[in-house]
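Asks: For reference, the chains in residue letters:
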Amino acid sequence: GAGVSQSPSNKVTEKGKDVELRCDPISGHTALYWYRQSLGQGLEFLIYFQGNSAPDKSGLPSDRFSAERTGGSVSTLTIQRTQQEDSAVYLCASSSNSLAGYYEQYFGPGTRLTVT
Amino acid sequence: KQEVTQIPAALSVPEGENLVLNCSFTDSAIYNLQWFRQDPGKGLTSLLLIQSSQREQTSGRLNASLDKSSGRSTLYIAASQPGDSATYLCAVRAGNQFYFGTGTSLTVIP
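Chains as they are written, first to last, in the numbering used here: chain A, 13 to 128; chain B, 5 to 114.
Excised from the complex, chain A in its bound form (with noise of 0.2 Å):
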């Protein structure tokens, strides 16, 4: 079956801009991540849905950043004001947390954002 997709595949936006990133998860998975890995660096976490349940926004760096996940679906991450910190790859999993419990995670391509 299909993967997880992301779209854009690149973003070039001046800095102060609003972007939205979008992540079409595995059908039927019900987790859905975000992570951010800058240049370097390695992958940091930044929000986790899991079906209906609120998020796991623990990760998010700041104020301006925000994801919402509609009909338990697709995931918009927006970050708001962008800045030159914020030029990172911007990476999407999702998983399907049965009973087996597996967890195991698939990622999409990535968006890379470039702030200039």
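The hints are simulated quantities; they were obtained by calculation from the structure and are not laboratory data.
Incorrect hints may have been included.
[As the list claims (entries may be wrong)] Here are the simulated DSBU-like cross-link-like pairs (lysine-lysine), alpha carbons at most 30 Å apart as the crow flies:
hint: 1; chain 1: B; residue 1: Lys72; chain 2: A; residue 2: Lys23
hint: 2; chain 1: A; residue 1: Lys29; chain 2: B; residue 2: Lys46
hint: 3; chain 1: B; residue 1: Lys5; chain 2: B; residue 2: Lys72
hint: 4; chain 1: A; residue 1: Lys69; chain 2: A; residue 2: Lys23
hint: 5; chain 1: A; residue 1: Lys69; chain 2: B; residue 2: Lys46
hint: 6; chain 1: A; residue 1: Lys69; chain 2: A; residue 2: Lys27
hint: 7; chain 1: B; residue 1: Lys5; chain 2: B; residue 2: Lys46
hint: 8; chain 1: A; residue 1: Lys27; chain 2: B; residue 2: Lys72
hint: 9; chain 1: B; residue 1: Lys72; chain 2: A; residue 2: Lys69
hint: 10; chain 1: B; residue 1: Lys5; chain 2: A; residue 2: Lys69
hint: 11; chain 1: A; residue 1: Lys69; chain 2: A; residue 2: Lys29
[What the hints assert, rightly or not] With the C-beta cut set under 10 Å, the calculated list includes, among others, these residues of chain A facing chain B:
hint: 12; residue: Ala14
hint: 13; residue: Val16
hint: 14; residue: Ser19
hint: 15; residue: Leu55
hint: 16; residue: Phe77
hint: 17; residue: Gly122
[Stated by the list, open to error] Quick look at which bits of chain A chain B covers, simulated, 3 or more residues with Cβ under 8 Å:
hint: 18; segment: 44-54
hint: 19; segment: 57-68
Only a predicted model underlies this, so the values are computations on that prediction, with no experimental measurement involved.
All residues carry an ideal CB built from backbone N, CA and C; glycine is no exception.
Once you've looked at the hints, dock chain B against the given chain A.
Replies: Relative to chain A, chain B alone:
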């Protein structure tokens, strides 16, 4: 807070050699550990997933082990090939979060 470390940061080996990548984590209260590879400019591809109750998993030329009590995992790659060149990441799940190491960049020289 869980911290994940990968050693070495970079590794270069001749084709055909067997090699071991190391991953260590500070808190043994994990659900599972997952190994990924990341090719330049691409997302992460899952290689192996080891549940906390398991000791190892194998897939083809790859074998991953887990010693939860000592906070260590190894990824063994047999008979390395140039196509194995990539960055290898390990991640542990604790609570709702996955904690990633910074990766080992592997180059297999033909």
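Asks: Against this structure, judge whether each hint is valid.
Replies: Okay, the hints, checked on the actual structure:
1. Lys72/B x Lys23/A: Violated: Lys72/B and Lys23/A sit about 40 Å apart, past 30 Å.
2. Lys29/A x Lys46/B: Measuring from Cα to Cα gives roughly 26 Å; hence the hint holds.
3. Lys5/B x Lys72/B: holds, 16 Å
4. Lys69/A x Lys23/A: holds, 23 Å
5. Lys69/A x Lys46/B: At roughly 25 Å apart (the allowed maximum being 30 Å), Lys46/B and Lys69/A satisfy the hint.
6. Lys69/A x Lys27/A: The hint holds at about 24 Å.
7. Lys5/B x Lys46/B: holds, 28 Å
8. Lys27/A x Lys72/B: violated, 44 Å
9. Lys72/B x Lys69/A: Holds. Lys72/B to Lys69/A sits at ~28 Å (cutoff 30 Å).
10. Lys5/B x Lys69/A: Holds. Lys5/B to Lys69/A sits at ~16 Å (cutoff 30 Å).
11. Lys69/A x Lys29/A: holds, 22 Å
12. Ala14: This interface hint is violated because 14 Å lies over the 10 Å limit.
13. Val16: holds, 8 Å
14. Ser19: For Ser19/A, the interface hint is violated, since the closest Cβ of chain B sits about 13 Å away, which is over 10 Å.
15. Leu55: holds, 4 Å
16. Phe77: Status violated, d = 16 Å.
17. Gly122: holds, 5 Å
18. 44-54: holds (count 4)
19. 57-68: holds (count 4)
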